[in-house]
Amino acid sequence: MRTANSALRSKDLLGIEQLSPEDITLILDTAEGFKEVSERPVKKVPALRGQLVINLFMEASTRTRVSFEIAEKRLSADTLNFAASGSSVEKGETLIDTAENLMAMHPDMIVIRHKYPGAPKMLAERLPASIINAGDGGHEHPTQALLDAFTIRERLGRLQGVNVSIIGDIAHSRVVRSNIHLLTKMKANVTIAGPPTLIPMDIERMGVRVVHSLQQAIQGADVIMMLRIQLERQGKLTFPSLREYYNTFGLTPERLRGAKEGVIVMHPGPMNRGVEIASDVADGPWSVILEQVTNGVAVRMAVLYLLGGAHMGGE
Amino acid sequence: MRTANSALRSKDLLGIEQLSPEDITLILDTAEGFKEVSERPVKKVPALRGQLVINLFMEASTRTRVSFEIAEKRLSADTLNFAASGSSVEKGETLIDTAENLMAMHPDMIVIRHKYPGAPKMLAERLPASIINAGDGGHEHPTQALLDAFTIRERLGRLQGVNVSIIGDIAHSRVVRSNIHLLTKMKANVTIAGPPTLIPMDIERMGVRVVHSLQQAIQGADVIMMLRIQLERQGKLTFPSLREYYNTFGLTPERLRGAKEGVIVMHPGPMNRGVEIASDVADGPWSVILEQVTNGVAVRMAVLYLLGGAHMGGE
Amino acid sequence: MRTANSALRSKDLLGIEQLSPEDITLILDTAEGFKEVSERPVKKVPALRGQLVINLFMEASTRTRVSFEIAEKRLSADTLNFAASGSSVEKGETLIDTAENLMAMHPDMIVIRHKYPGAPKMLAERLPASIINAGDGGHEHPTQALLDAFTIRERLGRLQGVNVSIIGDIAHSRVVRSNIHLLTKMKANVTIAGPPTLIPMDIERMGVRVVHSLQQAIQGADVIMMLRIQLERQGKLTFPSLREYYNTFGLTPERLRGAKEGVIVMHPGPMNRGVEIASDVADGPWSVILEQVTNGVAVRMAVLYLLGGAHMGGE
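Chains as they are written, first to last, in our numbering: chain R, 90 to 404; chain F, 90 to 404; chain Z, 90 to 404.
The set of hints was computed from the structure by calculation and includes no laboratory data. Hints should not be assumed to be uniformly reliable.
Intra- or inter-copy, both count: the list cannot distinguish identical chains.
[Unchecked claim] Calculated pairs, DSS-like style, for lysine-lysine (alpha carbon to alpha carbon, straight line, at most 27 Å): (1) Lys133 <-> Lys349; (2) Lys124 <-> Lys204; (3) Lys276 <-> Lys204; (4) Lys133 <-> Lys274; (5) Lys204 <-> Lys349; (6) Lys274 <-> Lys349; (7) Lys133 <-> Lys276; (8) Lys100 <-> Lys349; (9) Lys276 <-> Lys349.
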């Protein structure tokens, strides 16, 4: 599995924007090898034994944290969860002080989720540990884009030339930003659709096509990626109602009739069934949503492994 | 320790109701072997190395979670705690979606505590992982009944023919339901006592005798099992007051004078001292309450081991 | 590294008050060996493999908990975190019942943080496990004093005869009490300074000198230890304002001009920059604040190791 070019050029994974197509291919190739580990009876390799990974989640995100934690354990790393609540952060400590304090305990890597865009970069510049961005505000969520790409490549055999339509709340999604960076770098064709109020004015500059109806987005797509409507923000919604949203942008089996044969449907989760996606689609033959979750562990193992600089051996 | 019949017939432990007397005996026999592991300087066997157990606690229960987590670690499993708070569950995700997402990460077993009766069964039917019920609403709490049975068998040498009196809030207790299933299957004699408002109308159909005074329940009992009055529900209590409860159904040293020589007193914890049980009883020579806790780890190790299908070896 | 006298005389670490100078020296010498472990690529020794350490934090303290947890993992112990929230403690269980229940699961050591002075001692008297005090109310925080002493000794080569000035809220600080015990036992000279309302009347009985200005405290000091002003208590502050505090007792580069060459500045963290300490001092050449954090892991490894009674071997 290992090649001569077996390390990322950077000590950190801050975003897809900084990665080269070669970096992306290296991560995806490495993840392929790790996917098999999770299917063994003994789901563990000693790659990161004796290394410490701190999961610094300053914003709640059980799914992403769990996926990283499982990836870390399957690499035999020691893991430590640090959440904002109940911590010195509540006593007014700054992120830099928290991070420098954690660093003084010699972790090898820090996985950080933070509400402020750029928080991972700030740590990466100051700390010798490898920093992995697990979502920073509306900025990037690189491992999500990597697992999406892994899933597309595994299903369709390639990324180049694949037509990917991303539908929903484009404006507030870090997942979209990371995905657009990745897909355009890998020469996929990206189409964006959603209510006009949820599409940023200048999104075309990122190299994507914008359409305003679900029908247009579905047509010709090899991949349909539905985004989560953040119900937490309800009351501040910039569209009339959830029912209205479902009627306009909800993905139903009927609407999928207009799609290409073999189209796959993706969703980063957690889903709002009956809002952005019908249950019959979520659980239907088009859906690769649970494969995305499975691949998330493999992709995170690959990132941790490549940044850890360790060499995978047999046990 | 291993016999030819060394696995449970089911992939899951959903309740005592589904177990045969042979299954129960297998679990208790296996737990005997594991009890010794917790007394070693190195409290660990490699039985579940490289297997992932997720503790999915959708209802707070530190004691049961801690007991399972220790059991998992002593079997060398990788463990992951998933609690409802702060998770995608709070973002409106259904239990099925949460579970399918966790399943996509290939856990080998899921230990679930949930407020809805039947939640573990729902998961067991859909997921290939082994599901262990750690308490589902008012339905069952099978590992509690198993550890109670282990304790009785260890102390009295048998379950058959033993007179067990269970006293307190019968109506709201999953522990009682699991215990009645287990004890009647193993041919113990079960007597129930408590305030009439806390005894379900049709409880006799489960094969138990109902009495209405503590004195009657104590008389002739080999085992007195006191239940917790759930103070959390105070205000909704269906009896006059805690003092009144203590005066009527609280177990005191005086009242124990009417008991058989060698009677043992059990409580699933956490105790309300001075409500259902006097401190002098809880800490007295009759009490096996802390042995129950010790045995809980051994019984949970046995269940995890038998469902894990792994084979225990020396290190 | 090991000497004939390789164990503490007590099974517990309740406070510095109970330690002899030999005990303190043994812990600091042992920590020296462990500091190197945290700098290896594989940051782990098998000293406590198969031993269970429970971190019983009944008061929030992420920093101290994280430091202990890392120390435990680097010694290969199994660790379990038990917090008050969501636990049976919330259901009204007493500390003794909680502890006896945990004990029944055979942990080897319990690290306890509790708001009541004496809580660790109460456990130590009743439980066979080794109890480590991680802070009990205003009483003691022995591992903090040990890591402070380790840092001073490492920087200045000795403790005897060193002039240490401790500045700030003396009255509410367990850190000060533990430090005074340790430093006076090791024949360092301790000076105390702070607003008169924050200095206990009888503090001189502990063998320290009291001065009332920052200038006097700085003069001649080899070590300046700044204490945290507990902003959480604001509103109940016994001095006019934070600004006023900074103007009187805040440590600034200007004020440090009156200090001895080579003076070091310490702080137990988390810092309030601009209240008790200026950022230029916290991040300046005098500061050993992050070294304290690093040394905290080494000192806690030493304490766990010495109480664990295990013997450190190579892997």
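Hint check:
Proximity of Lys133 to Lys349 under the C-alpha cut-off of 27 Å is found in neither arrangement, the shortest distances being 39 Å within a copy and 54 Å between copies. Within a single copy, Lys124 and Lys204 get their C-alpha atoms no closer than 30 Å, and across copies no closer than 34 Å, so neither meets the 27 Å cut-off. When the C-alpha separation of Lys276 and Lys204 is checked against a cutoff of 27 Å, the pair qualifies neither within a copy, at 30 Å, nor between copies, at 49 Å. For a Cα distance limit of 27 Å, the shortest separation of Lys133 from Lys274 qualifies neither inside one copy, at 32 Å, nor across copies, at 40 Å.
Taking CA atoms no more than 27 Å apart as the test, Lys204 paired with Lys349 passes in neither setting, with 38 Å inside one copy and 44 Å between copies. When the C-alpha separation of Lys274 and Lys349 is checked against a cutoff of 27 Å, the pair qualifies only within one copy, where the shortest distance is 24 Å, while the shortest distance between copies is 58 Å. Taking identical chains as interchangeable, the C-alpha atoms of Lys133 and Lys276 are never at most 27 Å apart, the minima being 34 Å within one chain and 44 Å between chains. Taking CA atoms no more than 27 Å apart as the test, Lys100 paired with Lys349 passes in neither setting, with 41 Å inside one copy and 40 Å between copies.
Taking the shortest alpha-carbon separations for Lys276 and Lys349, only the intra-copy value of 20 Å comes in at or below 27 Å, while the best inter-copy value is 64 Å.
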